[in-house]
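Student: Starting from the known structure of chain A, fit chain B onto it as the hints suggest.
Residues per chain, in single letters:
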Amino acid sequence: MIYDFFFKITGSNIIASIIQSLLPLFIFILPFALFAVWLERKVSAHMQDRLGPMRVGKHGWLQTIADILKLVQKEDIVPNEADKPLFNIAPVLVFVGSYAVFAAIPFSGAFIGSNIDLGIIFIIAASGFVVAGILMAGWASNNKYSLLGAMRSAAQIISYEIPTVLVVLTIIMITGTTNLFTLSEMQTGHFWNWMIFGGPNFGVAKFIFIPFMIMNFIIIYISTLAEVNRTPFDIPEAESELVSGYHTEYSGMKFAMFFLAEYANMFAVSAIVTALFFGGYQSPVGYLGNLFGAHWLIPIEQFFWFTAKGIFFVFVQMWLRWTLPRLRVDQLMTVCWKYLIPIAFVNLIIIGLITVL
Amino acid sequence: MKEYFKNAWSALFTIFIGMKVTFKHLFVPAVTIQYPDVKLQLPERERNRLYVNMDDCIGCDQCARACPVDCISIETVKGLPGEDLGKTSNGKRKALWVTKFDIDFAKCCYCQLCVFPCPTECIYMTDVYEFSEFERSNLIYDFVTLTPQEREEKKENYAKLEAEKAAAKAAAVNKPIEKQETPKP
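Residue numbers (the numbering used here), protein chains in the order written: chain A, 1 to 357; chain B, 1 to 185.
Just chain A, with the same shape it has in the complex (with noise of 0.2 Å):
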């Protein structure tokens, strides 16, 4: 484990935690944050039969670093009516919120920030701390839009956590465990011991569960979408409603932090994805690391891995981002409680049967 190498070290273990809780930031959020903004407009670029950024570097990839450097130096506006100590407060929180769920995501079998028992509660009870920072925002800016914003977007990540913590009770009822790390290691071997082909054990169960599997990974897939208020379900940021929604007033590096917020959340709920269905961690093929006896190089191979179906399926939100329209709020409603829950509710009494016979 990172842990054990950084506290032989340094001899600390408060060094040592520190540096392990600033690793996924510094080693991953933030180039990865960088990496998907390119990639968003290149995606929606190419998707139109346009280019995209081309001029700063090669196809454009330093654009995003050129942006920053712009938004650092911009002028930190705050509005004279604004709450100021609530407004000051809002991007951290929300920020704070998409951090605290990389804590239990484990990136390869040698690192997870912390390998907790409770993992995909505690990631599903802090990525629910977001509507706080979202709402401070909303309600702090002293604008009709930004709190129209987040009072849909209240509304809306409460409502689509429910079939998301659905699809999870299916799979804790299956596997037994809500330790993300057990979970990964699991799914061990070849892709088809993944829970979306119906998980480890072999018998007549696995090939059973495998519709049902599906149903609940295009349910917890589209929950989660809408959860991180990702178009097709990005009416609390409507442009052409609202603005651009709870971060109408914010400028400089605090609307920064709420782009960062965003993007990280969309690799955290793809890794959440990753980690329940499609095996975490584990390779689908098996490692090289294996064939060649060089076991230091399985856990880089699992890292690999990882960030691989991570950003595929970071990919997969934006080609639906630029395929599909804005919903309605009486659409999105209607997606959520007439279908999504009833669907994923059967699911679960249908799966605890199963697991139970």
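Where hints are given, some of them may not hold.
To be verified - Straight-line C-alpha distance at most 25 Å; calculated BS3-like pairs for lysine-lysine: (1) Lys-84/A x Lys-74/A; (2) Lys-70/A x Lys-84/A; (3) Lys-94/B x Lys-107/B; (4) Lys-92/B x Lys-155/B; (5) Lys-338/A x Lys-6/B; (6) Lys-2/B x Lys-338/A; (7) Lys-78/B x Lys-94/B; (8) Lys-94/B x Lys-155/B; (9) Lys-24/B x Lys-58/A; (10) Lys-20/B x Lys-39/B; (11) Lys-78/B x Lys-20/B; (12) Lys-58/A x Lys-39/B.
Worth flagging that the hints you see were computed from the coordinates, not collected in a lab.
Tutor: What follows is chain B alone, placed relative to chain A:
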């Protein structure tokens, strides 16, 4: 109940159809033209910035008169007798020094009406269309090839000639009356 499942299925199914369409477009070559690096081929008779070939200009003022927005201003002086001003490319003898030929491209409407009357075809449209400036006064283009000193010299030469002529005339006409004020030089 049947309709409920039909709705759910059709929603899911149509999302996949839409995703197929966008995925195909991911590999369609972009239609973007990277403008400053790559430029479109201009049409054959495009109308852009004017150019005046002063070697051929005879100072006939026809372009200035044709201009609907009066953006061309021309001043000419006659050459001295016996002075060789050169010939235009189609064999016409030049008789006038063009001391001012300004085109104000801030006013120009690119109608090309000045191009057709020109007897020597010395004013024409080029393919230059990127000539934005920070100062509007920079858009006044001076096409005269003479230096400012030369222009003054030509004007003075002509004024002297006129003065001499007038003096000669006055001398011829007003010989009896000696006390006549002489025209100013």
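Student: Would you mind marking each hint as holding or not holding in the structure?
Tutor: Hints and how they fare:
1. Lys-84/A x Lys-74/A: Given that 25 Å is the threshold and the Cα spacing comes to 19 Å, the pair holds.
2. Lys-70/A x Lys-84/A: Distance ~24 Å between Lys-70/A and Lys-84/A Cα, so the pair holds.
3. Lys-94/B x Lys-107/B: Judged against 25 Å, a Cα distance of about 29 Å means the pair is violated.
4. Lys-92/B x Lys-155/B: holds, 23 Å
5. Lys-338/A x Lys-6/B: Judged against 25 Å, a Cα distance of about 14 Å means the pair holds.
6. Lys-2/B x Lys-338/A: holds, 14 Å
7. Lys-78/B x Lys-94/B: holds, 10 Å
8. Lys-94/B x Lys-155/B: Holds, because 16 Å separates the two Cα atoms, which is no more than 25 Å.
9. Lys-24/B x Lys-58/A: holds, 24 Å
10. Lys-20/B x Lys-39/B: Distance ~33 Å between Lys-20/B and Lys-39/B Cα, so the pair is violated.
11. Lys-78/B x Lys-20/B: violated, 76 Å
12. Lys-58/A x Lys-39/B: Distance of about 20 Å is within 25 Å: holds.
Checked against the numbered hints above, the structure breaks hints 3, 10, 11 and satisfies the rest.
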